[in-house]
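Chains A and B supply the protein sequences, listed in that same order. This note's numbering applies: residue 1 is where the first sequence begins, and numbers increase by one. This note's numbering applies: residue 243 is where the second sequence begins, and numbers increase by one.
A hint or two may mislead.
[Stated by the list, open to error] List time: in silico EDC-like cross-link candidates among lysine to aspartate or glutamate, alpha-carbon distance up to 20 angstroms:
1) B/K248 <-> A/E170
2) B/K288 <-> A/E187
3) A/K46 <-> B/D409
4) A/K73 <-> A/E85
5) A/K189 <-> B/E289
6) A/K190 <-> A/D214
7) B/K432 <-> A/E39
8) A/K130 <-> B/E412
Source of the hints: derived by calculation from the structure; they are not laboratory data.
2 protein chains.
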Amino acid sequence: MSLIFKQLFENESCTYTYILAESETREAAIIDAVDIMMERDTALLKELNLDLKFIIETHIHADHITSACPLKKYYPKAKIVMGMENVDAESCSDIMVNEGHVLPIGNYEIKAIETPGHTLGCMSYLIDNKLFTGDSLFIRSTGRCDFQGGSAKTLYKSIHKLFKLPDSTEVYPAHDYNGFSVSTIGEEKKFNSMIQETFDQKTFIKNVNSLKLDPPKKIKASIPANQSCGLISAQILKSPYK
Amino acid sequence: MSLIFKQLFENESCTYTYILAESETREAAIIDAVDIMMERDTALLKELNLDLKFIIETHIHADHITSACPLKKYYPKAKIVMGMENVDAESCSDIMVNEGHVLPIGNYEIKAIETPGHTLGCMSYLIDNKLFTGDSLFIRSTGRCDFQGGSAKTLYKSIHKLFKLPDSTEVYPAHDYNGFSVSTIGEEKKFNSMIQETFDQKTFIKNVNSLKLDPPKKIKASIPANQSCGLISAQILKSPYK
Chain A
1 MSLIFKQLFE
11 NESCTYTYIL
21 AESETREAAI
31 IDAVDIMMER
41 DTALLKELNL
51 DLKFIIETHI
61 HADHITSACP
71 LKKYYPKAKI
81 VMGMENVDAE
91 SCSDIMVNEG
101 HVLPIGNYEI
111 KAIETPGHTL
121 GCMSYLIDNK
131 LFTGDSLFIR
141 STGRCDFQGG
151 SAKTLYKSIH
161 KLFKLPDSTE
171 VYPAHDYNGF
181 SVSTIGEEKK
191 FNSMIQETFD
201 QKTFIKNVNS
211 LKLDPPKKIK
221 ASIPANQSCG
231 LISAQILKSP
241 YK
Chain B
243 MSLIFKQLFE
253 NESCTYTYIL
263 AESETREAAI
273 IDAVDIMMER
283 DTALLKELNL
293 DLKFIIETHI
303 HADHITSACP
313 LKKYYPKAKI
323 VMGMENVDAE
333 SCSDIMVNEG
343 HVLPIGNYEI
353 KAIETPGHTL
363 GCMSYLIDNK
373 LFTGDSLFIR
383 STGRCDFQGG
393 SAKTLYKSIH
403 KLFKLPDSTE
413 VYPAHDYNGF
423 SVSTIGEEKK
433 FNSMIQETFD
443 QKTFIKNVNS
453 LKLDPPKKIK
463 ASIPANQSCG
473 LISAQILKSP
483 YK
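Isolated chain A, as found in the complex (with noise of 0.2 angstroms):
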């Protein structure tokens, strides 16, 4: 038995879609599946003979369309999965786990971590040694606090819940700008910009606020398409996998 791991790249919005399998169930899940890359997603499900099982959001993206509802009509017994505080998506999602919430795809488990701050409901999900972040820990980078009932402060402490698990953890963000791919918590903790472990929390807040970002080009699409899951680009998108 071992776990099958795909890492995915969506050029426009420099998102990592990511998924994991069992080799021996086949049982999959996805995290933060991207509409427009559907059709490649599918294909490469079909072609490893993948049974999808959940389909995981890390948070509400305000950047993307997420690809849940359309996937589901592919995978109609998986079940989309959301942060418990994301309750604008509730009516969509089929679970809304919290801190601890285990999800299995074989003989593995994803576990649940809370790590809101970038948005109230971000999660991150640990499996084996991987961790994925969502928009919480980026690699020399955190998440932007500035809408969606962001945080820094709450984000300061999310993050160093992350920080008390294994130097080893491998660290998978849901966004990447400059080409990395992934990192580990011990890296993190010693080179990140935003965060590191010795920086106190009103040097982070400070950094967060430094941040001067326009908002996220498409989030007024984003946002609202999000809390139905995708549900609103279901008509539009084709897939191979009939």
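Go by the hints and put chain B onto chain A.
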């Protein structure tokens, strides 16, 4: 002892750069480093406390410029490694390799495999179960064969040589244009759109000839620059690694 492995992406030419290192000796190699990403790459090498021993090129690239020579300013003992057939780059290369040449980093060995066809001197490199295929074998596709001594007939033979490796061998190409990061020999034998285990040479040649691709945008600047191992970029680039 373990293998440190980083996959890095350059967005403009969709190029993957790879850093490989042995955890105890910290000896490292970089494969297909890109000039405009040198600040990122040298910063990462420094953070990880790695000692760059080999600067490896899979081939003379036509779509971007290598940072090989500029990197030597920061790692003067590092050796530029190039396939034997790249005679135009012989004067700037330190080690010209052919089939079976072994490059040791700590207790690991990087083995050179001749895989001409995309260009005359295109090489692949194998370390542990990781295969770096340059522009010979892509994920679900292959390199083009219409310049720099390219030959579909030759590439067919090269890829079939790679197909003899164990199915579980991980495939890391020099480019991906669809957001894939890794494949396996087993997957490519079954799912590659251009060449599969059962495709005959004629079918592959037809597939390659059907590619209607514009010349790479930067071919006129890139080829001569890469024939000098990126020397002409050395004056204009900065690195944080003083």
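Check whether the Cα positions of A/K46 and B/D409 lie no farther apart than 20 angstroms. Given that 20 angstroms is the threshold and the Cα spacing comes to 18 angstroms, the pair holds.
Distance restraint between B/K248 and A/E170, which requires alpha-carbon spacing of 20 angstroms or less: holds (11 angstroms)
Does B/E412 lie within 20 angstroms of A/K130 when you go C-alpha to C-alpha? holds (18 angstroms)
Under the criterion that the straight-line Cα-Cα distance not exceed 20 angstroms, is the pair B/K288, A/E187 satisfied? Within the cut-off at roughly 12 angstroms; holds.
20 angstroms Cα cutoff - pair B/K432, A/E39: holds (19 angstroms)
20 angstroms Cα cutoff - pair A/K189, B/E289: holds (12 angstroms)
Between A/K190 and A/D214, is the straight-line Cα distance small enough, at 20 angstroms or below? Given that 20 angstroms is the threshold and the Cα spacing comes to 28 angstroms, the pair is violated.
Assess, step by step, whether the Cα of A/K73 is no farther than 20 angstroms from the Cα of A/E85, and give holds or violated. Not satisfied, since the Cα-Cα distance of roughly 26 angstroms exceeds 20 angstroms.
This entry does not satisfy hints 4, 6, going by the numbered hints stated previously.
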